[in-house]
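Dock chains B and C against the given chain A, drawing on the hints supplied.
Below, each chain spelled out in residue letters.
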Amino acid sequence: NGEHNIEISSRISTYYNQRFLKPGEEERDKNRFRLRDAQLIIEGRIRDDWEYEVQVDFADIGSNNTGEIDAENPGLMDAFVTYKGLEAFNIKLGYSKLPYSRSSITPFPYSTYWQRAQIVRGDFFSRRDVGVTLYKDFWQKRVNAFAGVYTGLGESSLSGDNDASGNPEFVARVDVSYPAPMKNREIDYVHSSIPLFSLGLNGRYTNKNLPDGEAFPDGAAGEYGLKIVDGKKYTYGMDFTFQYKGFSGQFEIHQINAQPQNENDPLFLGLTPAQTEGRVLAGGYFSQLNYFVKDYNTIVSVRYEQLDLNDLNAGDSKRMSAAIAYQIDGFDAMVKLQYFNNLNDQESLDPLDWNQQIRLGLQFNL
Amino acid sequence: NGEHNIEISSRISTYYNQRFLKPGEEERDKNRFRLRDAQLIIEGRIRDDWEYEVQVDFADIGSNNTGEIDAENPGLMDAFVTYKGLEAFNIKLGYSKLPYSRSSITPFPYSTYWQRAQIVRGDFFSRRDVGVTLYKDFWQKRVNAFAGVYTGLGESSLSGDNDASGNPEFVARVDVSYPAPMKNREIDYVHSSIPLFSLGLNGRYTNKNLPDGEAFPDGAAGEYGLKIVDGKKYTYGMDFTFQYKGFSGQFEIHQINAQPQNENDPLFLGLTPAQTEGRVLAGGYFSQLNYFVKDYNTIVSVRYEQLDLNDLNAGDSKRMSAAIAYQIDGFDAMVKLQYFNNLNDQESLDPLDWNQQIRLGLQFNL
Amino acid sequence: NGEHNIEISSRISTYYNQRFLKPGEEERDKNRFRLRDAQLIIEGRIRDDWEYEVQVDFADIGSNNTGEIDAENPGLMDAFVTYKGLEAFNIKLGYSKLPYSRSSITPFPYSTYWQRAQIVRGDFFSRRDVGVTLYKDFWQKRVNAFAGVYTGLGESSLSGDNDASGNPEFVARVDVSYPAPMKNREIDYVHSSIPLFSLGLNGRYTNKNLPDGEAFPDGAAGEYGLKIVDGKKYTYGMDFTFQYKGFSGQFEIHQINAQPQNENDPLFLGLTPAQTEGRVLAGGYFSQLNYFVKDYNTIVSVRYEQLDLNDLNAGDSKRMSAAIAYQIDGFDAMVKLQYFNNLNDQESLDPLDWNQQIRLGLQFNL
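Those sequence lines, one after another, are chains A, B and C. Everything in the first sequence is counted per our numbering, starting at 3 for the first residue and increasing by one. Everything in the second sequence is counted per our numbering, starting at 3 for the first residue and increasing by one. Everything in the third sequence is counted per our numbering, starting at 3 for the first residue and increasing by one.
In short, the hints are calculated from the structure, not lab data.
You can't tell identical chains apart in this list, so a pair holds if it fits in one copy or across any two.
EDC-like mimics (lysine to aspartate or glutamate), calculated; alpha carbons at most 16 Å apart, straight line: (1) Lys86 with Asp331; (2) Lys99 with Asp80; (3) Lys320 with Asp310; (4) Lys32 with Glu216; (5) Lys320 with Glu349; (6) Lys32 with Asp163.
So that you can see chain A by itself, here it is in the shape it has in the complex (with noise of 0.2 Å):
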């Protein structure tokens, strides 16, 4: 009727990946092809007042895995509601996206990419958890702020317990664009005639001091080990993005504090009190720059990334991409074809067993 519309969707990705290893090694179970994606969302809408959204991945759930939930594509994408009804601000409950980095907020079937950069993939902090969100704008929509307090597990927190701390996790963002607001899009698509760009800042804080002898659930604390901290952990970061006449540009930076509570904490990578200071930092940016060459229905795309997993560790990584897709059908039919190239790796904490890779697929919004 009227008064409540809903609308259902579906999304469906596939490629191939060829890794090229490093001389010596052997293992080549990423040269495959993939289903990414097959998505059903469900969006809906009662009067003005409420929207709520369902969004489920089956190529996800359908590969029935381990009880740990994949932070870059978890089975389960969205379950929110919204209420839009109050003059102060708005409300977001259930479980959804984070407000915090651009990246990770930005839909991705209107990236040129098969993967958002390293550091927003949801290995340093979670992309996804269960809490309520505030959130408004103001002068014309040219500012975006939110604040939000969650489980704190990310994407674990589907799994309906938090740790033994029992505390949960605060977020905040504030974005402000200029001359006028901004979608949140990788893409200048529009070819925009006049210069716009965006600012955000955001900051997240959590403290997790586990009781003796409790551990988090498995895979809560990601690849790294960075994405809960037994102890404080505050992250925070800024995003920069601008759109002109096809053109376009993002620029995000973040940083994690982590200060766990005991000495002989693996982040704390054996040293002694004296020489940590009782904290860890871990972080990185990433610059990318697109064009949108109208009139082949073409986008090009070029990346480059650096990441440091643990100060206390010398090293760092870099890894440069470039990406190419070609549109047969605006957004919703797109080939895309992404070049990866892994300069320098962290190699006591994160050593990578390739150098190269190609990803060639398919993506589809239906």
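The following block gives chains B and C in isolation, referenced to the frame of chain A:
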């Protein structure tokens, strides 16, 4: 077309939960935001003869737990077909709720609470199973009678196999309403002008003598090892409900008579056959009183529960809880607050680490 | 709108199964009600060029098994996009059925049986995979030709990775119908007035030499360790079908030629290279005859199967089965009864504990 009608709906609910632990306890993993429901419901009808329903909860499926199925919140909630073309009775085939316990059958979105009473939550007896149900109403719908046969592993039957005994479970129920038929609802939201009563009786039986060396599937016996028994299990219960001028009440009592085949069954608590006489009783009751304050779109409820997990053990447990729900948009959008008080627990069998619990959240039917 | 059509349908089926065990056997876990299917099917078309389908079975997803994917009943059944805009051939991308074996490709809701023949059920060769298929028809649709390349782990490819060999599987098929094109259906429900025949040939090849110390993912090799082989695997098959005046028949034969790279591969059964000549053959055939008794809305079928799991072992297995289906509402609502007789099993490789099996249930397409 006119012959085949299909309807798709959705349900989302989320809450914050806070537990107040007993002195000395430190496990605070229940202090958290939780996504309780993210459901998709597909209901259909072909002519007047056939009805079907598939109900899925992506909140549970997406959490991807480790092979066990949560009886109160299974990922698949309903998948059945009903044939109403026969004179003699209706037939329901597939996976759905068992015709046992009024509270279990009553749809939950109409409740003031976030949880059913402990005894009907799926830990004492299963609430869903795969099988066949025959049912019929009499006396202008005042009497409903049900009888069915099922795999007998309850929610675990979804995995496709029976236990090694290969035996089914039999379930039957009859309820009588007076002076008029009653819907299965906890709350008198129509403020009935005459007093309505309904009385139900139900029983179930299974004989699952396992062959030597065999065991039940993981999780099938439930939290207290009572859902299935290596031997005979009789379960019987009575329920009563009334509605009048916005007031409504529920009373429900159940008893399990378990007769394990082996003298050293854990249910015997190490006692000798002379002491146990070869059988174990477990059971309890709850009573609940509700009032719907129509002018304020508000429901208030209070519930008292008593449980004895094993009559060979001296103790029992007692709980008191209260709940209040505010209707933003009828039962389709409610804020619900629930308070739980653990008055007494059966310490040697099921010691609890908490005294009180508060749960506050939002529930949506879309 | 007119350019984009989307259609949602559903499928539910459930049965009771009874096994008659061999004397002395006690494992009766196959005596049970089972929810076989609770499917959601989303099909779409954009203009005449693009088609897509996502098919999910919640009966399998909800049972939440332990990381392995059941090849005959996977949770995700289809997630693909087809492009038909090219002159030269059509392209199918994503996860779907492989173009190998007529029986495997034939939609199952039109079968009299509850199970496909053993050799085409997904234990000898995979039935679904992620990859690319090119196909085209000739001679006014009388000839269909298919060729594709896939990850090669079959249903396990859904988990996203390949094995450590990193090698793909290649599959090709061609079938010829005469005198007219034939749909992929087991039953002649139109009572063809002229005899229709179709002959198919198909082959597949993969070379999955694992590096030292690596293993295939759990479950990927299937029940008999034949689905993937640590070495080369050639598979080829022939199938034939006819339809005439309500009668129809299927014959299908397959052989696996496995050439494990290691002399001590379990497939060699401990024999020496001199004895095995470095290769193992496995295979078998089935033939099935059906008649559609139109006046009684009834289908009867009989099937005979022979299987040899390993030619280095002396035995083989033989099975006979019969089935009858009564159409309440065409193929959309059928009662199906299937009888299985285990005539002979290959005792040292795959000893069975049962002689006969009966399966009775209801199948719905909605």
